[in-house]
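Participant: Make a model of the complete structure from these sequences and hints.
If you read the sequences in order, they're chains D and A.
98 is the number of the first residue of the first sequence in our numbering; add one for each residue after it.
658 is the number of the first residue of the second sequence in our numbering; add one for each residue after it.
You may find that some hints are simply not true.
Here are the in silico distance ranges between beta carbons for each label pair [unchecked claim]:
id, chain 1, residue 1, chain 2, residue 2, range
1, A, Gln696, D, Gly127, 27 to 33 Å
2, A, Lys667, D, Asp174, 32 to 38 Å
3, A, Leu717, D, Gln212, 51 to 57 Å
4, A, Asn721, D, Asn211, 35 to 41 Å
5, A, Asn692, D, Gln212, 38 to 44 Å
6, A, Glu680, D, Gln148, 40 to 46 Å
7, D, Ile169, A, Val722, 53 to 59 Å
8, A, Asn692, D, His160, 55 to 61 Å
9, A, Glu736, D, Val227, 53 to 59 Å
10, D, Ile169, A, Gln711, 46 to 52 Å
11, D, His160, A, Asp706, 46 to 52 Å
12, D, Asn128, A, Leu666, 31 to 37 Å
13, A, Lys667, D, Ile235, 37 to 43 Å
14, D, Asn209, A, Asn692, 37 to 43 Å
Incomplete in silico selection of chain A near chain D, CB under 10 Å [what the hints assert, rightly or not]:
id, residue
15, Gly670
16, Ile688
17, Thr694
18, Gly695
Bear in mind the hints are in silico, worked out from the structure with no lab data behind them.
Quantities reported herein were computed from a predicted structural model and do not represent experimental measurements.
Cβ coordinates follow ideal geometry from the N, Cα and C atoms, glycine included.
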Amino acid sequence: MKKAFNNSDFFISVLKELEKGNKVSFLVKGNSMSPFLVNGKTEVFLKKNYQLKRYEIYLFKYHDKFILHRYIGKKKDNLIFRGDNNNSLEYVSEDSIIANVYQFQINGKTINTNQFFYKFRVRCFIVYRVFRSFIKKILKR
Amino acid sequence: MKIKPNYLLKTIGENIVVVPLKEEAIRFNGIIALNKTGQYLFQTLQKYDLSKEQLLTIVLNKYNVEKALAIRDIDNFIEKCMGNKLFDEKSI
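Facilitator: Below is the structure:
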């Protein structure tokens, strides 16, 4: 039987390990990053040392919650994040970022976020999102 | 019995847990919760390769508990370790 932990306690332990320079992994909770990260199925691997890159996934603190979303751009001093399955945006300062997802595993398959094919899929998805919202707007008229 | 080297003892809040270290990452999805006795047994078996009888002697020397209770705790711990394949196979 799997033991459930308080979310905040869990992330404090994760943060401690990241601060020590260790790489950590855990299972994704929630569907906000679907279809790339699947609730309870995708194991994400994180590390603290990273270079901020557009369309990469980061763990950050937002309104006292720990969130794993994609970095989509910058506005003035704020970085903009969004879940792949969300419409809402999160504006956060750079010091709110904790770690970067460098790899994830799903159904026994390991995907490195540096892989060309993965990056290509992400970009296609982002274009598809724009196209999808455009079509929705037209259909609403 | 000896614990494999790629398992680490951590705390999450007030919980004592064992997490695997695999592919250079501490895997927080493979958490195994332990009680205080389990923590002590785990730390002991990280250092030494011991039999169940040796563990019992150590536990009885450390804790002021009845032998039957100590045996039950050790059996539970061994069962948990076996179930999660925490023991070095050469040491079983």
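Participant: Please go over all the hints and tell whether each is borne out by the structure.
Facilitator: Right, here's what the structure says about each hint:
no., hint, in the structure
1, Gln696(A) - Gly127(D): 27 to 33 Å, "holds (31 Å)"
2, Lys667(A) - Asp174(D): 32 to 38 Å, "holds (36 Å)"
3, Leu717(A) - Gln212(D): 51 to 57 Å, "holds (55 Å)"
4, Asn721(A) - Asn211(D): 35 to 41 Å, "violated (56 Å)"
5, Asn692(A) - Gln212(D): 38 to 44 Å, "holds (42 Å)"
6, Glu680(A) - Gln148(D): 40 to 46 Å, "violated (22 Å)"
7, Ile169(D) - Val722(A): 53 to 59 Å, "holds (58 Å)"
8, Asn692(A) - His160(D): 55 to 61 Å, "violated (35 Å)"
9, Glu736(A) - Val227(D): 53 to 59 Å, "holds (54 Å)"
10, Ile169(D) - Gln711(A): 46 to 52 Å, "violated (58 Å)"
11, His160(D) - Asp706(A): 46 to 52 Å, "holds (50 Å)"
12, Asn128(D) - Leu666(A): 31 to 37 Å, "holds (33 Å)"
13, Lys667(A) - Ile235(D): 37 to 43 Å, "violated (52 Å)"
14, Asn209(D) - Asn692(A): 37 to 43 Å, "holds (38 Å)"
15, Gly670, "holds (3 Å)"
16, Ile688, "holds (7 Å)"
17, Thr694, "violated (17 Å)"
18, Gly695, "violated (13 Å)"
Hints 4, 6, 8, 10, 13, 17 and 18, counting from the list given before, are not met by this structure.
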